[in-house]
Amino acid sequence: GAVVSQHPSWVICKSGTSVKIECRSLDFQATTMFWYRQFPKQSLMLMATSNEGSKATYEQGVEKDKFLINHASLTLSTLTVTSAHPEDSSFYICSARFNMNTEAFFGQGTRLTVV
Amino acid sequence: QKEVEQNSGPLSVPEGAIASLNCTYSDRGSQSFFWYRQYSGKSPELIMFIYSNGDKEDGRFTAQLNKASQYVSLLIRDSQPSDSATYLCAATLHASGGSYIPTFGRGTSLIVHP
Chain V
1 GAVVSQHPSW VICKSGTSVK IECRSLDFQA TTMFWYRQFP KQSLMLMATS
51 NEGSKATYEQ GVEKDKFLIN HASLTLSTLT VTSAHPEDSS FYICSARFNM
101 NTEAFFGQGT RLTVV
Chain F
1 QKEVEQNSGP LSVPEGAIAS LNCTYSDRGS QSFFWYRQYS GKSPELIMFI
51 YSNGDKEDGR FTAQLNKASQ YVSLLIRDSQ PSDSATYLCA ATLHASGGSY
101 IPTFGRGTSL IVHP
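Chains as they are written, first to last, in this note's numbering: chain V, 1 to 115; chain F, 1 to 114.
One or more of the hints may lead you astray.
[As the list claims (entries may be wrong)] Dumping the calculated DSS-like pairs for lysine-lysine here, alpha-carbon to alpha-carbon at most 27 angstroms: (1) Lys67(F) <-> Lys66(V); (2) Lys55(V) <-> Lys20(V); (3) Lys66(V) <-> Lys20(V); (4) Lys67(F) <-> Lys20(V).
[Claimed, not checked] With the Cβ distance kept under 7 angstroms, some of the chain V side facing chain F (calculated, not the full set): (5) Ser43; (6) Leu44; (7) Ile93; (8) Glu103; (9) Ala104; (10) Phe106; (11) Gln108; (12) Gly109.
Think of the hints as simulated: they come from the structure by calculation, not from any bench.
The beta carbon of each residue, even a glycine, is placed where N, CA and C say it ideally should be.
Go ahead and model the full structure; you've got the sequences and the hints to work with.
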């Protein structure tokens with residue numbers, strides 16, 4: 001399958017600081033990237049949908065000013081968690097797909113711990 | 001609200017048996033359906049996708065789609081302990097604005113015991 005690389009794999013940050021997570025599609029052009037969050041023993045929750053060159057569409061309840069998403073190219077999307085707090089500690093996963101009905105491939109995920 | 005439903009389990013089967021995982025979806029307009037496997041602490045990995053009614057086989061895995069019943073299933077033959085994981089069903093659901101969003105069920109935990 002296609003390769004999606006997510007970086008970093010894990011990060012610990014202090015409360016109040018910002019953290020940037022990168023998601024790259026290595027061998028295909030991703031017109032759409034998705035950002036998910038997963039708390040322990042819970043399902044994947046879609047946070048936002050990002051289309052290259054346009055503003056991200058956020059799901060209800062997700063603060064767009066807190067979770068900044070940039071999809072500047074067909075191979076790179078970034079998620080910045082601003083002013084992180086302990087309750088933001090979670091497993092963040094991106095996925096990318098080529099077009100509307102093709103499968104989505106996942107990055108390896110980023111485990112964020114805010115202390 | 002458009003949803004994908006799965007029984008959370010756990011589903012426990014003996015080694016060598018067939019594991020049957022089920023999923024229903026609410027959006028009759030869904031076109032694409034996917035099964036992912038997720039090990040604890042890891043990202044989901046794609047097992048199979050299916051677009052057309054009927055069965056699709058890949059090795060020990062068979063995906064079955066019935067659009068009339070809005071039902072997708074995954075059969076795992078000759079189950080192995082290494083198949084123990086959470087299996088996520090996903091469907092592309094039609095969202096506002098004309099886009100299709102892959103939407104996940106809660107996942108079914110499968111335990112294959114020796």
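To see whether the hints hold, each was checked on the structure:
1. Lys67(F) <-> Lys66(V): violated, 39 angstroms
2. Lys55(V) <-> Lys20(V): Within the cut-off at roughly 17 angstroms; holds.
3. Lys66(V) <-> Lys20(V): The given pair, whose Cα atoms are some 12 angstroms apart, holds under the 27 angstroms limit.
4. Lys67(F) <-> Lys20(V): violated, 40 angstroms
5. Ser43: holds, 4 angstroms
6. Leu44: Given a least distance of 5 angstroms, the restraint on leucine 44(V) holds.
7. Ile93: Holds, because the Cβ-Cβ distance from isoleucine 93(V) to chain F comes to roughly 5 angstroms (cut-off 7 angstroms).
8. Glu103: Hint holds; glutamate 103(V) Cβ to chain F Cβ min 5 angstroms, cut 7 angstroms.
9. Ala104: holds, 5 angstroms
10. Phe106: Holds, about 4 angstroms.
11. Gln108: Where the cut-off is 7 angstroms and the nearest Cβ of chain F is about 5 angstroms from glutamine 108(V), the hint holds.
12. Gly109: Hint on glycine 109(V): holds, closest Cβ of chain F at ~4 angstroms, below 7 angstroms.
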